[in-house]
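Participant: Sequence:
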Amino acid sequence: MNYLEGLTLTKPKSYTTVILTKEPNGFLVEFPQNKRIFAKLVNIPGALFGDESPYDRSFYIPRHQLNALKLALGSKAVWREAPELQKDLDFQNTPQETLQDVLSRITPEIDTSYMKIEPYSFQKLAVAWAATQKGMNQEVKGGLLADQMGLGKTIEAMAIAGYFKSQGWIKNCLVITPATIKTQFAQEIDKFTYERSIVIKSRNKGFKDRKALYDQIRKEKPFFTVINYELLYQKEVADMVVVGKNKETGKEKKKKVFGDYLDLNEIKDIGYDMVIIDEAHKMKNPKTEIATAIRQIDAKYKLLMTGTPIQKELKNIFQLFDYIDPSILADPSLSFEERKEFFETLFLMIRINPFIRLPQNLENINDDLLQVFGEKNEVALRRKFNPFLLRRLTNDVSDEMPDEIIQEIIVEFNEEQLEILEKIHSTIENYKEDIEKEKDAEKRKSLEDMMKGLLQTRMIVCDSPSLLLESKSPLIKRLVGKKKKFKSVQKLDRLLEIAEEIIFENNEKVVIFSKYARTADLIQQELLKLIQKRCKEEKIDTYQSLVYKGQTKQGCKYRDILQKEKKDTSLAVCSECSFFNQCETRTKYAWLFQNDPQTRVIVATDAANFGVNLQEGKHLVNYDFPDEFSTYLQRNGRIRRLGSKHDKVFIYNMFTKDGKDEQVYKAIKKQIQLNDKIIENKELDNEAIRQANEEISNVINQL
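Quick note: the sequence shown uses UniProt numbering, first residue 1, plus one each step.
A couple of the hints might just be wrong.
[Stated by the list, open to error] Below, simulated PhoX-like cross-link-like pairs (lysine-lysine); rule was C-alpha separation at most 20 Å, straight line: (1) LYS201 <-> LYS657; (2) LYS256 <-> LYS245; (3) LYS670 <-> LYS657; (4) LYS567 <-> LYS116.
[As the list claims (entries may be wrong)] For each label pair, taking beta carbons as the anchor points, the in silico distance ranges come out as: (5) VAL42 <-> ASP676: 18 to 24 Å; (6) LYS22 <-> GLY50: 18 to 24 Å; (7) ASP596 <-> ASN246: 50 to 56 Å; (8) LYS251 <-> GLN407: 56 to 62 Å; (9) GLN407 <-> LEU455: 23 to 29 Å; (10) LYS22 <-> GLY555: 55 to 61 Å; (11) GLU436 <-> GLU341: 54 to 60 Å; (12) PHE579 <-> VAL372: 49 to 55 Å; (13) LEU334 <-> GLY555: 43 to 49 Å.
In case anyone wonders, no lab produced these hints; they're calculated from the structure. Note that this is a predicted model, so its numbers are computed, not measured. All C-beta atoms, glycine included, are put in the ideal place defined by N, C-alpha and C.
Put together the whole structure using the sequences plus the hints.
Facilitator: See the structure below:
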């Protein structure tokens, strides 16, 4: 659907959705399948539907036919009151300053002597932007830092926090990160700043260990505290209650009853002046425990970081900007739930999902029955959040970043793959029929779960059907039949050809990503055969390929010892570590890829897509794809980073023609287009950023 400017006239849970549109002037009408409504709307003069409609098959009713539309819909439309509609219009038309306005007020003389390593000029611009008050009331410092992957958002965040401290605005800062990168973040703090950090983590005693760390923070007052998302919503086990007995043994079955939040209460009790949230898209869904917990952390200054604020759907930006300041996207006098509904009504198009079974009683329609089918008023939306978001692309700092060349590698299914896929398709159709007939909710849910599992299996078939041989699922065993072995697939064969050329002909390094640990293991197995064979033929020392996945150990024993002894943890370098030969950690594997000329390949799952610097690699292969485009971009950002020695990096996206992997890849490209449409800077922003960069560079040159 093309850009649409309009006003939703019906309430969020109305059976029919009616939107007054500006161009063409008329009404967009959506409703679940209903022959009576359809027949009435068709008879309205000027009505258009299907391919003739300007709204991607939604009904179009001309503006002058409002009375006829109301009559046709009757009680199936619940109309909003005039004051509500006026409130929408007033908020939408309320003036807001622009990013250009903010950048025109920045202080170009940004002193970053508090950093061990001088930031780039474009990174200093991020500091100046964050330190400048924003909005019509000019009350917000901080904001959403959305620089493209690889531009150094972590360094920018540290520099921003350090600047706020140097100005006397803050005394401490909480950093919230994914669990996989909190140690990495602390290492970056040691490397780039003079500040001390404490990482919240457990050893053997669980919360007792973490409680000791919180007490240490209260006593020693380090500037940075680093914690992962999951700890914020962890609750204490308040009791164990009996829920039944085991029929065979007679033993009681017990269930944990959870009480209060543990770590969140400690964080709130300590109190932080500033919070930095890395990979902030993880808090996108307001209903999740992550988002609920973070909303309770009320620091004065908030800096959110993500290169992909939208994450699939436009609605995902609400939680981010609402946390920065409730007035950005809604009326701040409303409650959180009311602000969320206000935002969705103004900027989204929502209908009852036409593809699911509706309950007989539609008086209490819950959110699970609703579906976002489009966006509207995108220009007004961007105007609202524009000054609070700073995003630079790699093109904006092209002197410091390598160019990215993307190649699509398309392969074909072999006969065995097609045979398995045909069985999967047939089984899915049978499940659909069974689900339609099944009246028991639990049994229907079980059938739906099995069907979802089969849909996911289609991606594994694209990777290699041989992976199915390892499955213990009775359903998968029926699909495989008596097969003991499958032929190699084109996709894996082509990958090995690409890897061989990179390693042996180009004498370069490559990172290979897969969504699945089993696929990563299969790739590693075949790569090792290839590497050993070629090295033997050429009579050279064998090259190394490493697997980096969720099961790969985290942490650094050397760093922990230095921290315990209160020594500089930036000294924890693998080459100086006495535990090096026994170590099998992610830290070591990443270090080897970066520093060891014999380590030519890392085969990784998405455990490696956050906070891991692999810019020694000139090539990256996406053997299959994650569900979200942010994860895809994070993958590619492992090699396209500041500090890369390469002028160009090469990304190879592999998929099977007409396969599930091709579908996912196309969906990722669509998500990127949506993100670009809403978030990317327009010409005015780019010019303002360019001028601000020049001003800061001029100051630096004068020093």
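Participant: For every hint, state whether the structure bears it out.
Facilitator: A quick look at each hint next to the structure:
no., hint, result
1, LYS201 <-> LYS657, "violated (45 Å)"
2, LYS256 <-> LYS245, "holds (15 Å)"
3, LYS670 <-> LYS657, "holds (18 Å)"
4, LYS567 <-> LYS116, "holds (17 Å)"
5, VAL42 <-> ASP676: 18 to 24 Å, "violated (38 Å)"
6, LYS22 <-> GLY50: 18 to 24 Å, "holds (23 Å)"
7, ASP596 <-> ASN246: 50 to 56 Å, "holds (53 Å)"
8, LYS251 <-> GLN407: 56 to 62 Å, "holds (59 Å)"
9, GLN407 <-> LEU455: 23 to 29 Å, "holds (28 Å)"
10, LYS22 <-> GLY555: 55 to 61 Å, "holds (56 Å)"
11, GLU436 <-> GLU341: 54 to 60 Å, "violated (33 Å)"
12, PHE579 <-> VAL372: 49 to 55 Å, "holds (51 Å)"
13, LEU334 <-> GLY555: 43 to 49 Å, "holds (44 Å)"
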